[in-house]
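Q: Chain by chain, the residues:
Protein chains: 4
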Amino acid sequence: MVDKIKVSLLGSTGMVGQKMVKLLSKHPYLELVKVSASPSKIGKKYKDSVKWIEPGDIPENVKDLPIVSTNYEDHKDVDIVLSALPNELAESIELELVKNGKIVVSNASPFRMDPDVPLINPEVNWEHLELLKVQQKKKGWKGLLVKNPNCTAAIMSMPIKPLLDIAEKSKILITTLQAVSGAGYNGISFMAIEGNIIPYIKGEEDKIAKELTKLNGKFEGQQIIPARLDTSVTSIRVPTRVGHMGVINIITNEKVNIEEIKQRFRNFKSLPQIKNLSTAPKSPIIVRDEEDRPQPMLDVSAENGMAITVGRIRHENNVLRLIVLGDNLVRGAAGITILTVEVMKELGYI
Amino acid sequence: MVDKIKVSLLGSTGMVGQKMVKLLSKHPYLELVKVSASPSKIGKKYKDSVKWIEPGDIPENVKDLPIVSTNYEDHKDVDIVLSALPNELAESIELELVKNGKIVVSNASPFRMDPDVPLINPEVNWEHLELLKVQQKKKGWKGLLVKNPNCTAAIMSMPIKPLLDIAEKSKILITTLQAVSGAGYNGISFMAIEGNIIPYIKGEEDKIAKELTKLNGKFEGQQIIPARLDTSVTSIRVPTRVGHMGVINIITNEKVNIEEIKQRFRNFKSLPQIKNLSTAPKSPIIVRDEEDRPQPMLDVSAENGMAITVGRIRHENNVLRLIVLGDNLVRGAAGITILTVEVMKELGYI
Amino acid sequence: MVDKIKVSLLGSTGMVGQKMVKLLSKHPYLELVKVSASPSKIGKKYKDSVKWIEPGDIPENVKDLPIVSTNYEDHKDVDIVLSALPNELAESIELELVKNGKIVVSNASPFRMDPDVPLINPEVNWEHLELLKVQQKKKGWKGLLVKNPNCTAAIMSMPIKPLLDIAEKSKILITTLQAVSGAGYNGISFMAIEGNIIPYIKGEEDKIAKELTKLNGKFEGQQIIPARLDTSVTSIRVPTRVGHMGVINIITNEKVNIEEIKQRFRNFKSLPQIKNLSTAPKSPIIVRDEEDRPQPMLDVSAENGMAITVGRIRHENNVLRLIVLGDNLVRGAAGITILTVEVMKELGYI
Amino acid sequence: MVDKIKVSLLGSTGMVGQKMVKLLSKHPYLELVKVSASPSKIGKKYKDSVKWIEPGDIPENVKDLPIVSTNYEDHKDVDIVLSALPNELAESIELELVKNGKIVVSNASPFRMDPDVPLINPEVNWEHLELLKVQQKKKGWKGLLVKNPNCTAAIMSMPIKPLLDIAEKSKILITTLQAVSGAGYNGISFMAIEGNIIPYIKGEEDKIAKELTKLNGKFEGQQIIPARLDTSVTSIRVPTRVGHMGVINIITNEKVNIEEIKQRFRNFKSLPQIKNLSTAPKSPIIVRDEEDRPQPMLDVSAENGMAITVGRIRHENNVLRLIVLGDNLVRGAAGITILTVEVMKELGYI
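Chains as they are written, first to last, in full-length UniProt numbering: chain A, 1 to 350; chain B, 1 to 350; chain C, 1 to 350; chain D, 1 to 350.
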């Protein structure tokens, strides 16, 4: 790969930002050249403005980069802007960059449910990127805005995709057990969650249910037709570090062959696999036959955190049940964004 | 209370056994006079054969008691035998005692689903004790055998009782998040569960579903008619110490008034409350209106661990949802046994 | 006790504040009548301005109290003001109250090392309260200011007191393993400390070493002569909730009789024990002979958190070693303050 | 490397055994060809007799290996036997193999303090391998026995080596904070250690103090002359997963220049670095200048777990203090054994 694609990163010092810095430092053709962070850090070196919490040292090529602002001027010479901004700051910052012509691929929540903005989980709905043509026409933006889903929706949408024929005819009940990192590095205090369970995550349940319909929807020329998924989600915070688990119950009185379901998962491949993209997992969905898997401690890093793991697949009593686990920081955030960029390059958007 | 009831305790050195020792030490009329434990400990003082893990010291009246065997001879002069035996040892030991005329109230699993053995969670089904008359006739035992349910079934059966009219017409899906103490003090290693989730507990899911039908069943003269509960349970081990949580989903297309449901819970009283029994919680079901409750760290000790706490009661999308929490060692084990004895005394069985 | 003493509490909604609210709610003669908190909460009811984290509900007599300011006007009709203010806010607020004539007993750090301010750990140095006479003369304050020590210094000063003759001739090395609650409820995030150790606590090591010399010093008419303690402290944060542990090494080539040392600890009584004060532990220093004690999970609540526990007392190789544990929220903060007030009442300062 | 060295592994299914399996699977010239485990597993495939707890799957070349016994017959065609046996089983098994002519490199404790058996931490005392000549003469064994130290001694001996001139003239006090994995995967239950501290590890303190004198001793032709280290150790179990920390206090009234001490550590290289051995860390001792390091979560994996990290180096009050951290499973066990084999090959013992 001769020509590298120049990348800038918004929100580079947060936990997801650091994960992106790390993943980009080993990337074959994405080159991180600009890092931005909160105004008080502008001008400082990256290494002096970050509390680095990834194992190992800050990548060499990044540690001395100066922090820049989020203004267009500071990003005009990069090919693409990645965003790990906090949700509450993202809307206006990203909009300014897109209006000025930047391609922004973002993890933050604003615009995710905007009908003209593709919400991409590459293996699930890479073809929704075609919506970008509609976006340019309708929004009148000079640049492009692509969103990645909520971390839990990213993970849960994966096993639903190959089951969509069943799922669309069923009632779906999901209980999610979400790791503390999902709330940010300083999001929850030790005293609040150690040895405890908090059965509530603000705004999460609705986001997951809605984003699942868009992610599993169909692009039909001008718009995404959402999947008809009737999903009730209960989201619970548990004292684990990384890895969101979902207990998925699909109530169906259809006949279900468990072995055939496992085959659907094991055979699931999509564009990232077919094109052998750099960050793509070989098996996006790993099926575990052991009765006590998946477990965060053993399975969260499967395929460098880019695969999800499914286990305890059962059908009894008219309920198809499975347990899903994925890395909320990689599959659910930093990795999905980078894989999205790889798909965009493959398809000629970059 | 002039005359104390003499009690012996099987399995007195385990975690539930210790909890019983502690609860009995403050009891107004139950007096612990015999403690039994595994054969290697017989003859030693209680304090020298237990690794005491309850906060505070071993109760004065117990610490010098000699460990006795589980044989009938060693228990013939007590009024009642409580059992916190491991499931795999309980069957033959308890049977020998009952055949020899003892009243045994037991936490262990054998005989729980025997149609002639009452499975008692006092507030839920104290009236099932009447089955003891049938038991004596049919089994030909000189004594009496009363069982307490699985710890999770004990907790989950409480909120289902006041909802039984709805529940019997619905599909019920329960995800349980169970504390490590449920597996015994040495049941799960730190390395296996710290910061981890194990989405499987051997035998638990079936036990819970079945016991719920018996607990919420009706005694009709000669037998218990099980409740028609169509329950699918997924049991998950989480890294908390004490407190089993249940995410209960009741799929119903009936109209449901949330305030009325809360009233049912708040108004729920039963014989233990009416007779003001020593160990009875004033409010067996506590309803929390805060959006992030119940939490083990804050709610598990409500009413000294004898009340369960219910929160996040919602009805959306044809699913009545609630989150339940109870103390698996007290409400689910040691406390329920003692309260059962109190009911038996109240009703004249002792 | 006919006449209750009216108490107000600064910093009432924090973790130590809540612990004081709880302890005061059961107190025989201290009556909490005013609660203050940060300006944004003024006027709200206590129950609406606190995120209550003590097990059980907010005490009845406090939950509807309106939050008042920290100004003198809001406290002029109470007999004594207790302070659980954050260190960085305490200085000016407490000073204003004292200058206006209030008696303030405070947990916060400012003024602790002021030569005219008694730093009180009741069993260790209650007689330092006599310094208040000097304080009034020298400072010209209309009220009185009494300080309680840093939570770790409070705990470590206890076992040093009966060993002072040896300690003053020795080099002392202490490694402290401090619970997360010591940093406040939201002080350390789960991601930072779960399964981790942070071998640094800002400012702590110096505070402990210095406060130990004052606490174990002698009042000589006009001033406290500090104890000649040559102490090096290394303070480490560990993932426990409550309970600061100290590994104390006293390097001495004197002959030491371990049994005699244990007797010194077991016999240690002081004014609070002699006068049988309400909050005083019967045995301020509990000696454990088991080889694996003290442990936070088993020993932190000894005597309702007011006793410290000492174990592994050894003398080998010219090092007298012991391991100490105390409840940082009770013995180290809320309880010590209340016991100080009880001593002041006993001695006629209130 | 044309010819691979054939290796067999005793205790292959334990936690350290699994770590060795993993490290060997990527090794350039050590080839694991035999795996042994407890008698009940003999004949089964490795994958069917192990509860695999390393992230990722069992290495391809090992998963179908049949479990063999520990008898000489089952190991006679390998070049070297590695042992991760439990201490209580190791003595007779290893002795039989050595007497029959095998080269055994072992992690287990028996023979560690035998004057004729080299106790090797490669960077610290690789030259002690010369003792093997004495061993063969004196013991009359046909094979060779080499021991690796206790995991904590392995880690603590590293920073003491470059400070030996100071350390031998000083009193040394070490408090170790040891991770739960040090007790084996099932060694400590969650209920016993979660949120808790156990200030006692059976046998550990003596082992560490003694092994330090041998590791830092000098080989003088016929024997190891132990270093004159006067060390008192207090060993404490803390709720971390991997990584033993040591708070080292060296009481010295010599002048100490902190920068010079840091240089000693940073410059520390030994045979493994000079010969660039496969498993050798580039920097065996990493010095961290941040005030809050080392931390297990951030530093334990430095150089794949083969480097130790030193921080908070201070000299005040005649105490030279430092905090040390190392990976107890890699530097302290599996990795040190493999590096020892590499040194033995380099020196021609294999």
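Incorrect hints may have been included.
Just so you know, same-sequence chains aren't split out, so a pair can sit in one copy or run between any two.
[To be verified] Here are the computed lysine-lysine pairs in the BS3-like style, where the Cα-Cα straight-line distance is at most 30 angstroms:
(1) Lys-202 - Lys-282
(2) Lys-262 - Lys-47
(3) Lys-255 - Lys-6
(4) Lys-262 - Lys-210
(5) Lys-26 - Lys-169
(6) Lys-76 - Lys-282
(7) Lys-63 - Lys-262
(8) Lys-26 - Lys-282
(9) Lys-22 - Lys-282
(10) Lys-26 - Lys-275
(11) Lys-282 - Lys-51
The set of hints was computed from the structure by calculation and includes no laboratory data.
Q: For each hint given before, does the structure comply? Return the numbers of the non-compliant ones in rising order.
A: Structure breaks hints 1, 3, 5, 6.
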